[in-house]
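Keeping their order, the protein sequence lines are chains U and B.
1 is the number of the first residue of the first sequence in my numbering; add one for each residue after it.
1 is the number of the first residue of the second sequence in my numbering; add one for each residue after it.
Mixed in with the good hints there might be a few duds.
Where chains are identical, the list cannot tell them apart; a pair therefore holds if satisfied intra-copy or between any two copies.
To be verified - Here are the computed lysine-lysine pairs in the BS3-like style, where the Cα-Cα straight-line distance is at most 25 Å: (1) Lys85 <-> Lys54; (2) Lys33 <-> Lys22; (3) Lys35 <-> Lys158; (4) Lys10 <-> Lys22; (5) Lys33 <-> Lys54; (6) Lys101 <-> Lys54; (7) Lys158 <-> Lys10; (8) Lys101 <-> Lys143; (9) Lys76 <-> Lys158; (10) Lys33 <-> Lys51; (11) Lys17 <-> Lys101; (12) Lys17 <-> Lys143; (13) Lys15 <-> Lys35; (14) Lys10 <-> Lys51; (15) Lys22 <-> Lys51.
Hints are computed from structural coordinates only; laboratory data are not their basis.
Number of protein chains: 2
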Amino acid sequence: MELREKILNKEDIFKGKIIDVKMLDVELPNGKKAKREVVYHNGAVGILAFKEDKVLIVEQYRTPIDDIILEIPAGKLDGDEDSLKCANRELREETGYIANKIDYIGEIVTSAGFCNEIIKLYCATDLEYVGDDRDEDEFLNVKEMPVDELRELIRTGKIIDSKTLSAMCFYDNRK
Amino acid sequence: MELREKILNKEDIFKGKIIDVKMLDVELPNGKKAKREVVYHNGAVGILAFKEDKVLIVEQYRTPIDDIILEIPAGKLDGDEDSLKCANRELREETGYIANKIDYIGEIVTSAGFCNEIIKLYCATDLEYVGDDRDEDEFLNVKEMPVDELRELIRTGKIIDSKTLSAMCFYDNRK
Numbered sequence: 001m002e003l004r005e006k007i008l009n010k011e012d013i014f015k016g017k018i019i020d021v022k023m024l025d026v027e028l029p030n031g032k033k034a035k036r037e038v039v040y041h042n043g044a045v046g047i048l049a050f051k052e053d054k055v056l057i058v059e060q061y062r063t064p065i066d067d068i069i070l071e072i073p074a075g076k077l078d079g080d081e082d083s084l085k086c087a088n089r090e091l092r093e094e095t096g097y098i099a100n101k102i103d104y105i106g107e108i109v110t111s112a113g114f115c116n117e118i119i120k121l122y123c124a125t126d127l128e129y130v131g132d133d134r135d136e137d138e139f140l141n142v143k144e145m146p147v148d149e150l151r152e153l154i155r156t157g158k159i160i161d162s163k164t165l166s167a168m169c170f171y172d173n174r175k
Numbered sequence: 001m002e003l004r005e006k007i008l009n010k011e012d013i014f015k016g017k018i019i020d021v022k023m024l025d026v027e028l029p030n031g032k033k034a035k036r037e038v039v040y041h042n043g044a045v046g047i048l049a050f051k052e053d054k055v056l057i058v059e060q061y062r063t064p065i066d067d068i069i070l071e072i073p074a075g076k077l078d079g080d081e082d083s084l085k086c087a088n089r090e091l092r093e094e095t096g097y098i099a100n101k102i103d104y105i106g107e108i109v110t111s112a113g114f115c116n117e118i119i120k121l122y123c124a125t126d127l128e129y130v131g132d133d134r135d136e137d138e139f140l141n142v143k144e145m146p147v148d149e150l151r152e153l154i155r156t157g158k159i160i161d162s163k164t165l166s167a168m169c170f171y172d173n174r175k
């Protein structure tokens with residue numbers, strides 16, 4: 001079956017600092033026309049960082065869900081920044097650690113139905129503490145969590161962040 | 001450290017059929033004011049459905065990334081629809097199967113930094129084919145994929161959908 005839509009037009013709805021929103025006109029495989037609401041995002045990285053058998057986990061308030069959640073360190077690409085460079089920068093800024101070894105483990109599209117955000121995921125090991133470099137308006141706690149405890153939190157529904165769960169899935173399926 | 005922001009105001013930017021966008025004024029833990037661009041979504045479900053040792057995988061075009069990807073069956077909540085009812089409905093509509101057993105395995109926030117979308121994930125087994133019930137404007141192929149093949153696609157970066165990877169993470173950590 002033909003699956004692909006043809007994008008006919010993109011109309012700007014909103015241009016923000018973090019996201020842009022556009023309304024797209026598309027032609028469906030059956031020739032009919034449809035509208036698509038699309039959120040555009042510059043992309044991000046996430047880092048699954050191991051300090052021996054502990055994972056670095058960030059506790060952070062997230063405005064959209066008005067709640068505090070646990071996530072791997074992560075951050076947005078700065079313009080056309082290289083994603084590996086961004087991963088090293090965000091790890092340092094948020095946790096104070098630099099990684100002597102950092103490997104790409106996969107990428108995710110967070111919400112493919114309406115958003116183009118791609119997060120590239122890395123696995124960092126052989127960590128060295130050099131002190132964090134957080135923005136004065138960035139508020140988070142860093143936890144060094146045994147992997148078994150992280151798995152228990154996944155099992156009991158306490159980890160809901162999609163990049164954290166996806167990173168663990170990539171990690172477990174690569175072993 | 002105090003992490004929580006206080007939401008002071010929400011201004012409507014865009015009201016669409018799939019998403020709304022608002023600009024929020026918040027007060028940071030240090031008392032400073034900031035703006036937050038937030039995408040509001042009604043929520044969705046995803047279903048990891050097993051037909052013996054095969055997983056039902058949907059091949060689908062996604063406009064935001066202008067590409068065809070592989071995902072578990074999924075769909076948006078219809079208004080205030082119950083998520084379990086939605087899971088059964090979407091499984092039937094997209095794949096033609098009904099599940100005699102369906103269990104909640106966890107929920108994810110897809111992009112906690114700027115979006116409130118929550119996807120509730122289910123594991124369906126004991127499937128029975130009754131014929132699909134797809135909208136005439138819905139184009140997708142259903143594959144019955146051995147779990148080992150799915151893991152190989154995860155390992156090699158061919159599965160990028162965050163709900164699919166998160167569902168596999170929940171499934172593997174519950175066993």
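Legend entry - 25 Å Cα threshold - placement of Lys101 relative to Lys17: neither (32 Å within a copy, 45 Å between copies)
Legend entry - Intra/inter-copy verdict for Lys33 and Lys54 if alpha-carbon distance must be at most 25 Å: neither (51 Å within a copy, 35 Å between copies)
Inset, instruction - Tell me, please, which holds for Lys158 and Lys10 at an alpha-carbon limit of 25 Å: within, between, both or neither? - result: neither (39 Å within a copy, 28 Å between copies)
Legend entry - Intra/inter-copy verdict for Lys10 and Lys51 if alpha-carbon distance must be at most 25 Å: neither (46 Å within a copy, 40 Å between copies)
Inset, instruction - Give the relationship of Lys35 and Lys158 under a CA distance limit of 25 Å: within one copy only, between copies only, both, or neither. - result: neither (36 Å within a copy, 28 Å between copies)
Inset, instruction - Evaluate Lys22 and Lys51 at a C-alpha cut-off of 25 Å and name the case that applies: within, between, both or neither. - result: Neither. Shortest intra-copy (42 Å) and inter-copy (39 Å) distances fail the 25 Å Cα cut-off.
Inset, instruction - At 25 Å max between alpha carbons, let me know whether Lys33 reaches Lys22 within a copy, between copies, both or neither. - result: Close inside one copy (16 Å), not across copies (28 Å); limit 25 Å.
Inset, instruction - State whether the alpha carbon distance between Lys76 and Lys158 is at most 25 Å within one copy, between copies, both, or neither. - result: both (24 Å within a copy, 23 Å between copies)
Legend entry - Lys85 and Lys54: within-copy, between-copy, both or neither at 25 Å Cα: Answer is within; shortest intra-copy Cα gap is 23 Å, inter-copy 39 Å.
Inset, instruction - Pop the pair Lys15 and Lys35 into one bin, within, between, both or neither, using alpha-carbon distances up to 25 Å. - result: Both ways: Lys15 and Lys35 sit 19 Å apart in one copy and 14 Å across, limit 25 Å.
Inset, instruction - Up to 25 Å between alpha-carbons, please classify Lys17 paired with Lys143: within, between, both or neither. - result: Neither: 29 Å inside a chain and 39 Å across chains, both beyond 25 Å.
Legend entry - Alpha-carbon proximity context of Lys10 and Lys22, limit 25 Å: both (6 Å within a copy, 21 Å between copies)
When the structure is compared with the earlier hints, violations turn up for hints 3, 5, 7, 10, 11, 12, 14 and 15 and for no others.
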